[in-house]
Amino acid sequence: MARQRYIQAINQVLLDEMERDKNIILFGEDVELAIFGDTREVFARFGPERVYNTPICENSLTGMAVGAAAAGRRVILHLMFGNFIYTGMDAIAHQMAKLRMMTGGQMNLPITVIAGYGGGRSLAAQHSDTPYPTLMNIGGVNVVTPATPADAKGLLTTAIRGNNPTFFLEASGRGGDSGEVPEGDYLVPFGKAAVAHEGQDVTICAIGTMVRPALKAARDLEKLGISAEVIDPRTLVPFDEDGIAASVSKTGRLVLVDEAKDRCGAASYIAGLMADRCFHALKAPIKRVTVPNVSMPYAGNAESAIFPNPEKIVAAVLSIVSADQKSFA
Amino acid sequence: MARQRYIQAINQVLLDEMERDKNIILFGEDVELAIFGDTREVFARFGPERVYNTPICENSLTGMAVGAAAAGRRVILHLMFGNFIYTGMDAIAHQMAKLRMMTGGQMNLPITVIAGYGGGRSLAAQHSDTPYPTLMNIGGVNVVTPATPADAKGLLTTAIRGNNPTFFLEASGRGGDSGEVPEGDYLVPFGKAAVAHEGQDVTICAIGTMVRPALKAARDLEKLGISAEVIDPRTLVPFDEDGIAASVSKTGRLVLVDEAKDRCGAASYIAGLMADRCFHALKAPIKRVTVPNVSMPYAGNAESAIFPNPEKIVAAVLSIVSADQKSFA
Amino acid sequence: MSQLSNVDEAKRAEWMELYERMLLIRRAEERLGKEAQAGNLPGGVHLYIGQEASGVGVCSVLEDTDFITSTHRGHGHFLAKGGDLKAMFAELWGKRTGICKGMGGSMHVADVSKGILGANGIVGGGIAIAAGAAMGIKVAGEKKVAVCLFGDGAANQGVLMESLNMSAVWSFPVIWVLENNGLSEFTITRKVTAGEFTDRARAVGLPTITVDGNDVLAVQAAMKEAVDRAKSGGGSTFIETLTYRIRGHLEAEDAFLGGYSYRTQDEIDVWKAPDKDPILRFAARLIQEGAATAEELEELDAQVIGQVDEAVRYALDSEDADPELVFDITFSGQRA
Amino acid sequence: MSQLSNVDEAKRAEWMELYERMLLIRRAEERLGKEAQAGNLPGGVHLYIGQEASGVGVCSVLEDTDFITSTHRGHGHFLAKGGDLKAMFAELWGKRTGICKGMGGSMHVADVSKGILGANGIVGGGIAIAAGAAMGIKVAGEKKVAVCLFGDGAANQGVLMESLNMSAVWSFPVIWVLENNGLSEFTITRKVTAGEFTDRARAVGLPTITVDGNDVLAVQAAMKEAVDRAKSGGGSTFIETLTYRIRGHLEAEDAFLGGYSYRTQDEIDVWKAPDKDPILRFAARLIQEGAATAEELEELDAQVIGQVDEAVRYALDSEDADPELVFDITFSGQRA
Ligand SMILES: Cc1ncc(C[n+]2csc(CCOP(=O)(O)OP(=O)(O)O)c2C)c(N)n1
Ligand SMILES: Cc1ncc(C[n+]2csc(CCOP(=O)(O)OP(=O)(O)O)c2C)c(N)n1
Ligand SMILES: [Mg+2]
Ligand SMILES: [Mg+2]
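Protein chains in written order, with my numbering: chain A, 216 to 544; chain B, 216 to 544; chain C, 274 to 609; chain D, 274 to 609.
Bear in mind the hints are in silico, worked out from the structure with no lab data behind them. The C-beta atom is built at its ideal place from N, Cα and C for all residues, glycine as well. Heads up, some of the hints might be wrong.
[Unchecked claim] Which stretches of chain C does chain A cover? Using the computed rule of at least three CB atoms under 8 Å from a CB of chain A, they are: (1) 385-394; (2) 430-441; (3) 599-608.
[As the list claims (entries may be wrong)] Which chain C residues stay away from chain D? Per the calculated CB distances, all over 10 Å, these: (4) 280; (5) 333; (6) 355; (7) 464; (8) 468; (9) 469; (10) 519; (11) 532; (12) 543; (13) 545; (14) 546; (15) 549; (16) 553; (17) 560; (18) 579; (19) 583.
Chain A extracted, bound-state conformation (with noise of 0.2 Å):
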C-alpha cells in the first residue's frame, strides 16, 4: 500500500500498462502537457509512435477509437472533460455501443475512454455534466465510476485490460483526494458494489462523486442513532443489483445519491430496479438526492444550492427513517 492521490494514481495506472502491453495506443486532446495531469509522461515515455496529441475534433476522436480497436490496437481515448462525450456522442452511440452485436461479435473492441466530470467548481454549464446516464441508456459501453485512489487504480487496469468500450469517468474535480492504493497489478472487477461503510437502518447508494458527501452523512447519522449502509457500485454498467438489493432488503430503505440530473439519471434506474425487485422489503419510499432537471449555473451560490451534499443526504434519510418509526409507533 502506498498514499497516492486519485489522479496521480490513474496516471501510474497509463504509465505501467502502456509499458506492459505495447499493443497499447492512447490520444486525446493535449495528452501531451496533460491538462488534467493524468496522462502526465506518457507522451514522453512512450512517443509519438504510441501517443498522439490530436487536434479539436471530438466527432472523429470517437470514431476512431473505434477503428483503431478494430483494427486490432488496444485503445485508451482522453476525451477531458465529460461534457465533451455529448460532443462525440455520434460515433459512440452509433458506433462504439453497437458495433460488436452489429456484426454478430465479429470483433472486440477493446477501448477505454477517460473523461472526468461533474461539477461544483463553478465551471458552469458546459463544464459541469454528469453525462454518464446517456451512457447507461445506449447500451453496449461500460460505464466505471471509482470513488477512491484504490478503486481508480483496480478499475482503470480492468478497463484498459479488458475487451469492451469502457467509459472510465473521474471525479477529477474533486479528485485530489489522496488514498491507500494496492501496490503492484491490482485489479477491481466490473459490476461488484463496494460496502463504504456498512449499517443497518437505511441504505445510502452513492455514485463516484458522492460517495464522500454519502459517508460523511453518515457520520452525522450516527450522531443521531441512525445507523446507515453506504454502498458504493463502483461501475454503473456493468450493474451490481445483487449487491444493491441485498443492502435493501437488509436495511428497508434506500436513499440515492447521484451527481447526474434527476430526470432519467442513475438514482432514477437504480429506484426502479428495487421498486420492482425489493417492494416487498421496503419499509418507506425510494428517495433520490441528486442534481435537480436544470444545468450548472456558474455562480457558487446557485451551484451549491442545487448540488447534493451531506445535509440533503441526511434531510432524506430522515424523512423515511422517520416516517417509517411513525408507521410503527
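Model the placement of chains B, C and D with the ligands on the given structure of chain A, informed by the hints.
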C-alpha cells in the same frame, strides 16, 4: 373532426402554421421531397426563402436551429430518424438546452425538432433507437411523444407556437394509424397526461408508440376480469407527475411500458418518481416492460423478442395482480 | 478462351475476375431488389446497381488484411472485397447463418476476416473508423491500408474534414474513396455543396485523383497508385470516382416519393446505356480486346445467376436468427 | 487634442475610440488575471491579452443589431461589441447584477440587446450558431450580419467545414473570423493542422482575407470589406487574423502545466514588444500621426483603470446570484 393519418396530421400542422406565421422557417435533410411525407408540399408552398433542404451535417443543423432562433426566427428542424439526435447531440446538449439559462434568460429559443423514433421494422441498430431518455436527462428541452393523430396535431401546434426547444418525436414507423383529428386550431397543453382507457386495478403508463399495445393489453386483461387504466403522459418534459400519481393512488399498482432501453429510460424515471411519491399507495412492485439494454438486432424474430408487446404487458400485470392477491389470500 | 486476344493470359484472367465480380454484384442486387419489392426481406435495401466498377476497381488491389469501411449502400463493397454471397444473403434474410448472424442486416454487412469493417447506416459513419484503423496500422508498423468508401452526401459531414486533416498530419495509410453518384437520397448533392470535394482534400495537402467511376480499370489504376503510396509510407490519398445510382435511393423509393421525383427517366437512361453502364462497357471492352466472346460472357452470366439462386435457397433454408444472441454478443465475455 | 495632427477630427475620434476599447479590455483583463490568481473569482478565466486588436477591429464596424458569436476567450469580444464592463465583472463575480445574472460566468458572457449571442465553452460551439443566425437574417431580409469569432483550435472541428459549405451555398451574411493565435491550450496548432485554414474556406469558394491581427486598422479594413459584401447580398467572407496569446491558456496555467511548458519566454517577449503588442503599436501610431500625445494616452489609461476599479467595486457590492433563478429561466414561461 376528420379522419386523418398520423403523418398527415403532422403535415397539415406544418402547412397551417407556416401559413399562419411568416416568421417560421423549416430546414433539414431531404425536407423538400419529404422522405417521411411529413414535410410534403412545404417547400413547394413556402419556397427556398423559408425552407432549406440541407446537406447532411447534423452537427451544424442543431446549432443552426439555435442561431436562427436567437436571431428572432421561429424554427422547425427536421432531423429525420431519432438516431440522428445522437449525431447532432453536441449543440443539443450544449447550446439548445443551456443557452437560455446561461445567458440569464436573455433569449427565447422557439425551436421544434421533429424526428421519428423506435424500432420494430428491421431497420437495425442505427435506425431503431428511442433516444428520449438522453433528451430528458440533459434538462432544458421539452420532449413530446404523441400516440394519436389528434395528439400529434395538438402537441405539434403547441410546440411550434411555444417559446422553448421542443423535440417532437414521431411514431413514424407505425405512425400510419388513422384517427379522428379536431379541425381548426387545436392545441394540446404540455404536461397533461391523457387517460387512454379507464380502469381500477392497475395503472399501465405507456409512452408514445407503446400506447397501442397497452390498449390491446387492457382489452385482453378485461377478459380476465382485470380492469386496467392506460395512461399516456403525452409529454415527457414537462411531465404530468400529478396525473400519473393520481392514477397510481387509485389503482395501487403500476406497470410502465416504454420503447426506450431500460437502463435510465423513461420507465425507470417514472418508477423512481412513483416509488417515492406513491409508495404508501402501492400494493405491489412497480413493473417495467421495456427494451432490454441492447441495441435493436435486425432479424425480425430477434427484434420482436426484445420488443414490448401486449403479451408481455399482460404478463407484467398478472405478475403483480396475482402477487398482490396472494398477499391478501 | 477467345482466339484473337490482345491481352495476355494473366491480364485476361484478371479482367475476367473484375467482370465476374461486377456481374455478381449486379445479379445479386437485381434479385435483392425483386425480393425486397415482393416483401420477402425483413428490412429495406439500398442498391449499388450502376456503381459496381467503383467498388470492384477499388477492392481489386486490396488484400484480405487491408481494411475497408463502407456505407448503407454496402453490398457491392462487401462482395468486391471478397465477402461471401451466401452469408450475405442469409444476413439479409435475417438468418443465423448470416455473416453477422442476422444481427446486422443490409446496412451492416461485415466480414472482419476479410478486412470488411462493416457497412454503416450512419452517413459518414465509416470515416473516422477508417482514420482510426489507419492509425492502428501505423502504430503497429503493418504493411496494410484502410480504405474509406463514402458518398457525396457523406462528404458534407464535418467528420470528413477532421479525419482528412489528421490523415494528412500523420501520413496515415488511409485512402479516401468518394463515390460521387450525384445524389443524397432525393437531393441533388450539387445543390447543397459549394465547390469541389477534391479541393477540400487538397486544402489539407492530400494528393487527389478524380476518375471515371464507371471504368473499372481506371478506378483500379488510381487505387494502385494510392495503395503504393500508402504502403510505402507516403500517406493518404483522396480519390473521387464519378458514377451514378441507377436504382432508387432504396427499393420502394416510389412509395416514399409519393408521386414526386428528383430526376428524369432520361437521365437514368443515359447512365444505363451501353457506353455508360459499367458492366456493359467492360463487356464490350473484353470482347473488343478479344479477352472473351459474347457467348462466354453469357455463359458466365448464367453461372452467376445460378450462384445467386443458390444463395437465395441457402438463405431461405437457413434457420432463423438466435434471438438470445444479442445478449451474448453486445459485450465480449459479459452478458448485456 | 494634439497640435500637429495628420488626421482629421472624425478619424482622430474614431481612432481614439479603438484605442480606448483595446485599453479597456487590456486593463480589465489584467485585473481579472490578478483577481483570479488571488482566488477571488469563483471560476477560471481565459484572457484575451495580446489579441485586443482583432476583436476591436472586427466589432468596430458592426452595429448593435449585428450578431457575434464568441469563444471561451470572450471578454474582449464582449467589450469590443459594446458590452458593459460593470455587468461583465458582476457576472464573473457571480452576482445577480451580472449580465447573465451570475448564471453564465466568464465563458458565457452575452448581451443579446447588443447582438452578443454569447461566449461559448464548447470549442467551435459558436460556429453553427452564427451560420443559423445568418440564415435567420437572410430569411427575414434584414440588413445585418452575423460574425463568428473562433480560434485556430476550433478551426479543426468539422462543424466549421459544414457551416462554411452552407454559408457558401446560400450566400449567408456571415463573416468567419478565425483568430489564429497559434495555440490550442498547450498544443501548437500547426503541429496538428495540415495546410492553411484559408484554403479550406477557398475550397468552398469563399473569399478569404489574411490580416495582421495585431493591427487594429488592418483588421478593421478587412472587416469593412466583408461587411459591405454581406450587407449588399454578396454573402460570406473568411477572415484570418494572425495574433498571439500573451497570457496562459487560462489563469493558473502554471498549476496545470506542473513544470512543463509549450513555448519559450523569448517567444512571448517577441509578442509583448512595442512593435508587436497591439496596444503599444497603436499608441505609437497615434502619437506618430499626431492624433494624441503620450500624456493624453497616459491620462486615458488612468481613466480606464478607474473604470476597472469601479467595475470591481460594483461587482463586489452587488448581491449574490439568485439560486432559484435557474428554475425560472431554463425555459421560457415554464418552470424547470
Ligand atoms: C447521419 C445520417 N444522416 C442522415 C441519414 C439518412 N440518409 C441515408 S442515406 C442518405 C444519403 C447519403 O448520400 P450519399 O452519401 O451520397 O450516399 P448514396 O446514398 O448516394 O450512396 C441520407 C441522408 C443517415 N443514414 N445518417
Ligand atoms: C468541444 C471542446 N473540446 C475541447 C475543449 C477544451 N478546450 C478549451 S479551449 C481549447 C483550445 C482552443 O483553442 P482555440 O480555438 O485556438 O482558442 P484559444 O484558446 O487559442 O483562444 C480546448 C481544447 C472544449 N472547451 N470544447
Ligand atoms: Mg451519393
Ligand atoms: Mg488558438
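We went through each hint and held it up to the structure:
| no. | hint | verdict |
| --- | --- | --- |
| 1 | 385-394 | holds (count 6) |
| 2 | 430-441 | holds (count 6) |
| 3 | 599-608 | holds (count 8) |
| 4 | 280 | holds, 40 Å |
| 5 | 333 | holds, 29 Å |
| 6 | 355 | holds, 32 Å |
| 7 | 464 | violated, 8 Å |
| 8 | 468 | violated, 5 Å |
| 9 | 469 | violated, 7 Å |
| 10 | 519 | holds, 27 Å |
| 11 | 532 | holds, 27 Å |
| 12 | 543 | holds, 26 Å |
| 13 | 545 | holds, 30 Å |
| 14 | 546 | holds, 31 Å |
| 15 | 549 | holds, 28 Å |
| 16 | 553 | holds, 35 Å |
| 17 | 560 | holds, 42 Å |
| 18 | 579 | holds, 46 Å |
| 19 | 583 | holds, 44 Å |
Consistency with the previously given hints fails for numbers 7, 8 and 9, ordered from lowest to highest.
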